[in-house]
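Engineer: With chain A held as given, fit chains B and C onto it using these hints.
Chains as they are written, first to last, in numbering that gives the first Met the number 0: chain A, 0 to 389; chain B, 0 to 239; chain C, 0 to 343.
If you're looking for bench data, these hints aren't it; they were derived computationally from the structure.
These numbers come from a predicted model, not from an experiment.
It cannot be assumed that every hint is accurate.
Said to hold, decoys possible - Here are the simulated DSS-like pairs of lysine-lysine, each with C-alpha atoms no more than 30 Å apart in a straight line:
| no. | chain 1 | residue 1 | chain 2 | residue 2 |
| --- | --- | --- | --- | --- |
| 1 | A | Lys200 | C | Lys39 |
| 2 | B | Lys206 | A | Lys200 |
| 3 | A | Lys310 | A | Lys188 |
| 4 | A | Lys293 | A | Lys188 |
What follows is the residue order along each chain.
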Amino acid sequence: MTSVTDRQKLQYIAAQAADARVNVELETEGMTLNLGPQHPATHGTLRIIAQLDGEQVVHAEPVAGYMHRGYEKLTEVRTYPQITTLVNRIDWLGSFANEVPFILAAEQLMEVEAPERAMWIRTILFELSRISNLILFLGDMGVQLGAVTPVFFAFRDREFVLDQIEAATGGRFHPNFDRIGGLKDDLPKGWLESTKGSMDKVREFCDQIEDLLLGSEIFQARTRGIGIVPADVAMQYGLSGANARASGIDWDIRRDNCIGLAYPELDWKVWKHTDGDSFARFWVRIQEVREAAKMVDQLCDGLPAGPVMAKVPRIIKVPAGEAYVATENPLGEMGYYIVSEGELTPFRVKIRSASFSNMSITPWLLRGVYVPDIITILGSLYFILGDIDR
Amino acid sequence: MTNDASVTEAAPAEEVATDETREARLATISESLGEMLVDSHIATGRDIWVRVSTDAWGAVADVVRNRLGLRYFGFLSVIDWMPSPYGRSMDSEVDIVLADAAPSDEATSSDEASDTGFNRGVTGGETRFQAFARVSHVGDPGDFWGLTIKADIPDETLAIDTWTNVYAGADWHEREAWEMFGIQFTGHPGLRNIYLPTDFEGNPMRKDFPLLARMVKPWPGIVDVEPLPTISDGAEEGDQ
Amino acid sequence: MTTVLAADWAYWQETLVKVGLGLVAVLLLTGAVVYMYLFKFVSFMQSRLGPMEAGPYGSMQLLAEVGKWLQKEDIFTENSDRIVFGLAPAIVMSSTFLMFVVIPAGPNAVISDLGTGIYYVLAMSSIATIGILSAGWASANKYSLMGGLRAAGQLIAYELPLVLAVVGVVIQVGSLNLQDIVHAQSDGAIFGWSGIGNPFILTQFVGFLIFLIAVQAELTQSPFDMPIAESELVGGYQVEYTGIRFLVFFIAEFATAVGFAAVASTLFLGGWALPADWASASTMHWLGPIVISAKAVLLVGVVFWVRFSLPRFREDQLQQLAWKFLIPVALLNIVVTGILKVAF
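The shape of chain A in the complex, shown without the other chains (with noise of 0.2 Å):
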């Protein structure tokens, strides 16, 4: 299947093209310019190696590392309720979806099953991060273009939606809510109506942010056909989300492989974008933090009663198996392969977190671009440092 359009494809490799022969004809001498790790576009302290002619990048060679946790190995020794705490700092916008696939594949090991009303609260708070990540991200591309005020928008109404977060965990940013079989509390009262109440303010945010960026001619010239990602390639690099989305793969976690969360009960849309560049990779996530603005009134309105914890040992021990989890985490594909021998910590965890691989397709992209599309295509690709590193 095809997404990128001929038209499109031809301009890219006539492009290419051009610039190759340029090249030839100039000889000119090259540059090594080393972005990072201390660099404000890399939000974190990613490395970008690239080698540039003039303006443009002949080879980037991306450097991670600096914040390598080892969580993989950190999570042999440590009890299954203590890993959410660890894997709460891996996406650190979007805290509470690192918890979920985690919890959902211990749950699918134990072949314990958390109440309807756990899974409903689950999927809201879900949700919840999810905007709370992505309204930074679209503020953020602002600055990474040089537009410094959105950003500030992104900021102010964040709160709005960190306040519900926190009113309902007790943590802005790592919240530890969720256990095993359910989770650690029910809703404070008055919660639904004021969640909702913020789910207008991101409404207003995101056409605030439609009018000052995605509009602007100049924002639609620096991101338009820069940093095309056609589906084919997307794939072979394990892109997802949103990244994926916009190059046209018709692919959801939340419709297609929905595992214990209350996606299925909602009326939804996926969006996708056909033109796989800077632009579509931002209109896409433009489109899902409405999304789940919606989702969240939807779920909001249909919450349903009951416990908020299944029965489950207060001791746990998870049963031998392996189960591979994952859910459609702001970044992407977020999953993780627990491997337990029936002890009180998993044999071995594989974290497959999103970003490693949105990443890893940067060599291949930057080729060829100028300098200022390193930022808009780095920026769009959208990375957590911690999620690259865990």
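Structural biologist: Then chains B and C, alone, in the frame of chain A:
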């Protein structure tokens, strides 16, 4: 083109049906893989695992991507089946209590483990290291499925074929596995360190690589019960 | 100015007073602009308060910042070309202050009333290019170098539309002298109606827009801030500068903004004068400086408004805008102005 989520089938209701789907899929897989397939496993309503022979690892990637249509590359990693010689480094009293109390809860599972020796995952394995990867079929709404593929890595060579020529995205995953487990991926274009410093010695994810944080300081909370220095202690130190 | 004070001074005394008053006026205006726009206006745009602690409503914040910069260590990087590195801020600064020499603030309030007025201003403003390029080169930093080269390309490209936009005004007035341009506006008439004189913003509207866009680029403000581009080049040619040298760049940046705004208000908004005979000539001696300051500050506001609203262009898009759009339009404007001038 986009479909509403509401049309997706409800998973629990069709558990038997999904299982049949998985059986059918596994039949197709075994047919395509032929002799390369060593073992397979289906978790009812959940997932499929296959184990392939070591020599076929590279060829399998080609088959699953180009013949079976599993074009999406999830991840590739390695597992070390050797039980950790250090255990959990459990030193606190809480942990010891838990560890002692735990076997009585589920006596059966620990009995099984002691009977069969060490359990090497759902599809078994003979060697210490095993490579495993996950690929999926994506892009068709309603027909999404994934497959976990495993292969033993020979103890003598610690080498296995690369997947980078089939799935370009395997590049970083293999670099990570190389530095974390010390596995050679034959044919990989550049096995360089991705996380660790270039002069790092050892392979941290191997079970016999000690987790130094636990070796240096017992876990957890010993810090919390450390006695505070008293005024007289400070005075003595000052005198000396 | 001599007539205002009605004193009989020697030339050097007169010059000293003029330069002193000019410096004070420019620095005061710059400070006011930084406080009003960079600190407050932008903060309100971005739904925050801005500095609030130093002085009432943070009005002393700039003094605190200057104090901080003065205390910082003056660092030369190891591989930098020390002489050029040290001179670069001075070149930029002198370019800025030389611009103000011919800008009139009243009937007599001008440091030197040159006949080549407006061309002198544009020539002086482009000296800054040399300073920025040498800053980028001498820093021995790749980011600085790229910033400096980008700046050179950009400033030269936008020099052209800037000059061409002015040509329309010059044709209408028939003089390069800024005082003549001011008088032409206050005494002029639009198709025989002289109620508000003839501010060229009305008759040279296209020129005004081109001038503003080009000024935005000359000031390297967003959307044309690639030489600085903090998200890509982390500050461009300023990367290696600290302390007082950075302060000089900072002052120069905002003083140039004030300078170009004063030039634009002289060219298009009527300068220090009020239209027709709204105020007597003697009143304008003290009212003139206030009028031009108000107009200039207003225009600086536009610059900052745009700066904090728009994302930044890419280098090639910036060049395309200059060469493929602004310059042809400016040339067309000149042709139309010339035809109309001959026809009427």
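Engineer: Run through the hints listed earlier and report the numbers of any the structure violates, in increasing order.
Structural biologist: Checked against the structure, the only hint that fails is number 2, while the rest are satisfied.
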